[in-house]
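Now for the letters of each chain:
Protein chains: 2
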Amino acid sequence: MKYGIALFPSKQIQDFANSYRKRYDSHYALIPPHITLKNVFEADDIQAQTIIKTLRQIAAETDVIPLKITKFSSFYPVNNVIYLKVEPNETLQELYKKLHSGVLTDQSDYTFVPHITIGRNLSDAEYFDVFGRLKMQTVHFEETADRFHLLYQLEDGAWTVYETFLLGKDRE
Amino acid sequence: MKYGIALFPSKQIQDFANSYRKRYDSHYALIPPHITLKNVFEADDIQAQTIIKTLRQIAAETDVIPLKITKFSSFYPVNNVIYLKVEPNETLQELYKKLHSGVLTDQSDYTFVPHITIGRNLSDAEYFDVFGRLKMQTVHFEETADRFHLLYQLEDGAWTVYETFLLGKDRE
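As they're listed, the protein sequences go chains L and B. Each residue of the first sequence is one higher than the one before, starting from 1 at the first, in my numbering. Each residue of the second sequence is one higher than the one before, starting from 1 at the first, in my numbering.
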């Protein structure tokens with residue numbers, strides 16, 4: 001089965017992101033607005049059980065995560081993805097690192113650029129038009145994330161949440 | 001914020017349900033295939049915290065749930081909803097009851113008919129055509145559900161999972 005790990009920001013940020021995604025993001029209907037913490041990976045049922053135990057442990061020893069969003073940005077010229085930029089911070093980086101170590105090690109050698117995609121698969125003309133307007137816009141969200149989710153992918157490409165992992169060393 | 005409580009069946013059942021939902025269910029893009037355990041309800045942040053504590057307690061004291069699906073059925077003539085019928089059982093009924101008692105009490109006086117919707121808002125002609133074919137079909141799924149989810153609704157109607165609750169008195 002195909003799994004992925006994501007963090008859902010608050011409803012407020014999701015609603016804001018969706019107001020763009022519905023027009024510009026072809027994945028709009030497949031998953032709510034999210035920060036990808038680990039890209040799609042394959043695991044069988046046995047592997048998944050090991051991974052879930054590891055994720056519980058990682059969550060328990062990871063602090064809640066400050067999320068600060070200050071602007072629109074894009075991966076151009078690599079691709080035409082437009083996103084809400086999430087300011088990197090140590091806790092988020094540390095979590096990302098743990099989600100790519102031990103049983104969770106994979107071939108990924110990307111630098112982690114935390115973001116919430118709001119547009120993709122745009123033509124060049126549309127990309128320049130849309131991003132030209134968005135990059136001038138002021139955006140400001142600050143909140144604290146206290147959970148992340150393991151999801152699996154259905155045949156049609158949509159994602160279902162399998163389990164929530166609550167962050168925080170001092171959780172009740 | 002608007003919340004709801006649902007149970008997601010396995011990927012196998014979800015893929016099967018989606019093969020119909022993509023054609024017949026106008027909510028296809030809003031939520032993966034699911035069994036509704038508690039209909040949409042309103043709660044503020046403080047209420048939500050109380051509810052979440054209650055749900056953790058309910059989950060801890062509820063056994064895993066056998067799910068058996070044997071046929072397509074429909075709510076006609078009340079409405080044109082077509083669904084996969086989930087055989088009622090005591091554990092499921094008991095969970096439903098707990099999710100409508102105490103702080104979770106609401107005005108709902110429906111009988112609980114556990115089901116996975118695969119079609120809705122069909123015209124009468126389409127309903128008779130589709131259901132006429134589906135009711136002849138043999139369906140057989142049996143599995144065990146070991147979790148349910150609290151979800152909240154975004155402005156566009158889509159649902160995001162907030163938290164997973166693991167069932168089982170004897171969980172490790």
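I should point out that these hints are in silico values taken from the structure, not numbers from a laboratory. Heads up, a few of these hints could be off.
One copy or any two copies: either way a pair holds, since identical chains are not told apart in the list.
[Stated by the list, open to error] Pairs of lysine-lysine residues, derived as DSBU-like cross-links and limited to a Cα-Cα distance of at most 30 Å, are as follows:
#: 1; residue 1: K98; residue 2: K53
#: 2; residue 1: K22; residue 2: K2
#: 3; residue 1: K98; residue 2: K22
#: 4; residue 1: K71; residue 2: K53
#: 5; residue 1: K85; residue 2: K98
#: 6; residue 1: K135; residue 2: K2
#: 7; residue 1: K135; residue 2: K53
#: 8; residue 1: K22; residue 2: K53
#: 9; residue 1: K22; residue 2: K135
#: 10; residue 1: K22; residue 2: K11
#: 11; residue 1: K98; residue 2: K135
Here is how each hint holds up against the structure:
1. K98 with K53: both (13 Å within a copy, 28 Å between copies)
2. K22 with K2: Both, since 25 Å and 21 Å are each at most 30 Å.
3. K98 with K22: neither (32 Å within a copy, 37 Å between copies)
4. K71 with K53: neither (36 Å within a copy, 36 Å between copies)
5. K85 with K98: within (22 Å within a copy, 42 Å between copies)
6. K135 with K2: For K135 and K2, the Cα distance exceeds 30 Å both inside one copy (34 Å) and across copies (32 Å).
7. K135 with K53: Intra 41 Å, inter 42 Å, cutoff 30 Å: neither.
8. K22 with K53: Neither, since 35 Å and 34 Å both go past 30 Å.
9. K22 with K135: within (18 Å within a copy, 36 Å between copies)
10. K22 with K11: Both: 15 Å inside a copy, 26 Å across copies.
11. K98 with K135: neither (32 Å within a copy, 49 Å between copies)
Consistency note: the structure conflicts with the earlier hints numbered 3, 4, 6, 7, 8, 11.
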